[in-house]
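Make the complex out of the two chains shown on their own, each in a separate frame, by following the hints.
So you can see what is in the structure, the chains are spelled out below.
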Amino acid sequence: MGKKFISIDYTSIQTFLLVTLRVLLGWYFLYEGIVKITNPDWTCYPYLMDSQGPFAGLYHSMAANTDLVFAFDFLNMWGLTFIGLGLILGLFTQLALVFGMLILVLYFCSHPALAFVSYAMPTEGSYLWVNKTLLEIFTMAVLLAFPTGHIVGIDRFLSKRTDR
Amino acid sequence: MGNDHSKQDMTTPETNPPKKLSRRDIIKGLATVPVLGAFAYAWARKKKMTDNYRSRMREIVNLTSQPVELAPSVKDGKPIGLGLIGFGVRGKQLMRAAGFAHPTWIDIAKTDQNNTGNYDNFMEQEDLNVSVNGVCDIFTVYSKAAAETAANVNREGMGGKKGKEPVQYKTYLELLDAPDIDAVIIATPDHWHAPMAVEAAKRGKHVYCEKPASWSVPELFELVKVVKEKGIVFQLGHQGRQTESYIKAKEVIDKDILGKINLIEVCTNRNDSNGAWIYPIHPLADETTIDWRQFIGQAPWHDFSLERFFRWRCWWDYSTGINGDLLTHEYDALNQIIDLGIPSSVSASGGIYFWKDGRTVPDVLQVVMEFPKKDMSFLYSATLANNRSRGKVIMGHDGNMEISANLTIYADPSSTKYSKQIQEGLIDPTVPIYLYIPGRKGADGFATATEQYFASRGLMYTYRDGKRVDTTHLHIKEWLNCIRARIQPSCDIDQAFEEGMSAHMATQATLENRTAFWDEENMEIVFG
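Residue numbers (my numbering), protein chains in the order written: chain A, 40 to 203; chain B, 229 to 756.
Read the hints as simulated data drawn from the structure, not as lab findings.
Some hints here could point you the wrong way.
Derived DSSO-like pairs (lysine-lysine); straight-line CA-CA distance at most 27 Å [unchecked claim]:
id : chain 1 : residue 1 : chain 2 : residue 2
1  : B       : Lys276    : A       : Lys75
2  : B       : Lys306    : B       : Lys389
3  : B       : Lys274    : A       : Lys171
4  : B       : Lys306    : B       : Lys392
5  : B       : Lys602    : B       : Lys483
6  : A       : Lys75     : B       : Lys274
7  : B       : Lys601    : B       : Lys483
8  : B       : Lys430    : B       : Lys456
9  : B       : Lys488    : B       : Lys601
10 : B       : Lys483    : B       : Lys648
11 : B       : Lys338    : B       : Lys372
12 : A       : Lys75     : B       : Lys275
In isolation and in its complexed conformation, chain B is listed as follows (with noise of 0.2 Å):
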């Protein structure tokens, strides 16, 4: 590479007369080439750890790698006649699941510049084979937009091409009645979730119910009875039920790769109007075009009120609060992953403490469930005030996993079974022994820094073929699958007798600021 050297390679061509290449040309010329010899050879070495310390890994932790398959659908030909009973925030969700959207919600959708995802998820969503023949609501602005949506078959905008209206109904007894509805989707208040399923099931009319089962003790009872004696398949609205990393999270618990589980974590958290369940009141809205009385039900007698009425859950007279809101979906979720059954105590504390508007829920809540025959304990905490993200965490001596979208475990520096492994710094503590993230295809879940990052953010989600599902479309699919198989679905009324229970202990606490126990031998909850 000397001086004089370089300067004869820049020599003109006019001056140079054509030559064959030198020794000196081809050492020159390929004297770089070793480079990439070095460059495999660190590669191989680099790869060689990874495979190896992968491969020790998958010893540890072993859990198949395959995201979880969607359940085929079973079809029989024949559409499933169904009934909607409330079409506010969540039954227009729940239609939407079911396949059908306003013509103005699909116009607005599709020009959505920020989230054109909704409109894209929501035209590539299975047809269901299902056709909504009845709907009921009793504000009248609800109810003519629950038929127009129903009658978008096409799923399409304003002025498209829609089918036949279904039967606005006037109370939902008579939809019930109606000898074309062959299952009931029901997404009324609180109050109303059980009698509405328990004449529905009297007809032999299967059910979707949102959660919570019930609003009272005696109801769920009575619901699980008639269910029960009729054989009807009911669906509670948890469609947790759905989402991969549960379903993940629960092969992690039965194989015991945390050790044993002592406390569970669980929390919610908001901090808007909306979270808090101060809806919008609607500008049509009056005693003209509401039913007041078929509103309050069994519940005790109110004068007219928009605001009682739209944000219903703000009283007790018709909701169940964050208990049945909020505390099911963790329940729930939770009850799934680990079979938790009905605790045998429940203690809860709390208040009105930052949406002083009237309610009589509190928005601050905490909840401790324990479960001695488990030897853990249920700890929900509940702000409607702050939106610090809390995990769900599940945390066992061996370990703690911590339950999102995503599934992170992370093993205990102290832990007895992973100890040799800690010291001899396969495992590390700080950082997970296994990342779960769905849509993430041939994962084996010991993914990189930059990885876990994003999956943190929410961003890798979505892509290649990771295809995004509404977790409700699925709870929906779930459901009419069971109704032509006759089979019951995941979220069946035992499941739904378990969550409604726990839920009625957590809300007696907190209502008699006591602790409320569960008397298995009489099924019953009593105070100590």
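If we strip away everything but chain A, and leave its shape as in the complex, we get (with noise of 0.2 Å):
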């Protein structure tokens, strides 16, 4: 990661806070991966049934093949718990954000914020094109440009690894 980030200077209460906006995504992502992983009952396969707008009949189909359904379970437990935790330990923090930014990309496409739509999953209304999914996915987009994982997490032992 060394060279691409020399020229960000950040102080003391920047780096603060954007430490802190890592480790609150974190907890959130970390939360909804345990949760999955300790609910035997639970499958992507209500979610993807949910699902409205444009490309609803491709999720729709998906919910259709049982050993997608499996899969995709078995990605979202532990997809969501391991960026979860690499984005608390900065632990390979900008791998996490791009996969973190991956699976929050397909989660609005199934749900997008359309004005006239209303979801059961989650039950909150309708939005009007923005929704939280995309200003997650613009909050880990400002953390992938504003890297910390090398300067408060793992990732900083990694970086002076390979800065030998």
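This is the structure in structure tokens:
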């Protein structure tokens, strides 16, 4: 990671806020992962079935395939957990952010915030194009552009090693 | 995390000689690790609270959590020789439930983008080890289709390998006389149910008969008498008997979770022509293809009418209206759950308020049954011209239970039994104290809000190992197993008698426009 970020020069308050934001996001991902792992009944099936908008057909057809649902269940459970751990610990931070954004983009496409569409999962009425998922995607993009793992996080050790 | 240190971190490798990890590096590298400790602590606390809540709730609502086991299939190797009488809408469904679909149905179901589940469910359906040896339908097109369906033993589409076609009988009596018919499925208009079932029983043939059990009271007595004398295995076609949630609901009642039950409210809501029994008229149907005289049977004579043939439910001459077709489903469900028995009195009112197409049976109907010995009323309300879903609800002093494919139990805010827990805040009367979702494995019934929402949308029924099975298939399977084991099934002739008589009381109350009473001693319906 070394060279790319040399130009970024954070003040201590900037570092603190960015790291805090990263840890909070990590907590959120970790909880979402653990809660799914510990619930033997959890499956992404109803979420896929709840899809609306231009890609709904694709998500519904995924839901119809038992093997695919099984694979998505596994990827969601462990993917969210490892992304969460990565963000909290600052371990493979940039990679965690990229995968986190990828998952969120898939969530957003399955449940786009169209003006007159409301969903069962989660049940919170309808938004106008912008919803929490979209905000999370861009929050993660910001963290990707302003990396902190190599300052506060296990990545610090790794970057030291690669620097050598 | 000072500014100067950050700068130091950013220095390029070219200018920075290799160095060991400093203490600062270690502190900064591991600075966020304690967050995981906080997470674990928070998680443990939350889990403890949830576990505590669940275990306390489990003491209150002590229900077994396992899904209802499917009854094992009894197989003695020899296929049962089946006969089918009536291959209309229901006859086709019953044949599929028994394992036989017409090749064109297979072709359509296989490619139906919106409902591939139908095809998969059918193909996964257990082979019941039966052979359809005879079919009878007085409309030649249906008769031929029934034979082709019965011959489709490999469940293939058009051009598939067929089995032997069964004999197409012109009359049901010829079918019943055939020696290779052990058991018969009756899916004809209401006015033919009992006469056919009686003749079948007289010949020692086992009977699966569509509901209602009979069109008239005398026929019902005759049916019970013959079935009992001959000892045949009789199953009335209330497939709701196999609904998991009904079986679970019975456990709720047996364990007295609702307190003293005083009112039951059930309903039917439909709002389309099909639901109002205005079925399509087949283009090939005419006087040459339909045996009209046989259709009329003991009903009052009427000149040939395609409407009456295909939409017979709309006329009292052949039908028992909402009472026989729809009330019976609700009544039988509750009779299964609470063991209602025959009501002491029934009043009814309604009219033909929407479908003014010449029909004689009401399209809006209310029926009130009284059970003073059980201190409860049974209220039924139906409309064929509005789709608002009104649940099937059992109301007790301590709680209420709504029954659909799922079960939802709420504690009553003024409950005596739960007053302490309500005060403590353990029970919130606005949140279900128990939720049962079929197919949900390992569930203890205390589900999350999301799960509840999904259950209400029916989205949680089929997933993972929660395999969806057609209840009609299970009902036929139970009947066949009972034939092999020589025992009576869940909706046997005693249940059929209670169902039939309760529906007759409702019909007579509707027609007489006054309260019908059940004279238990003389076993007859009387008017006060």
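Problem set entry | Numbers of unmet hints, in rising order | none
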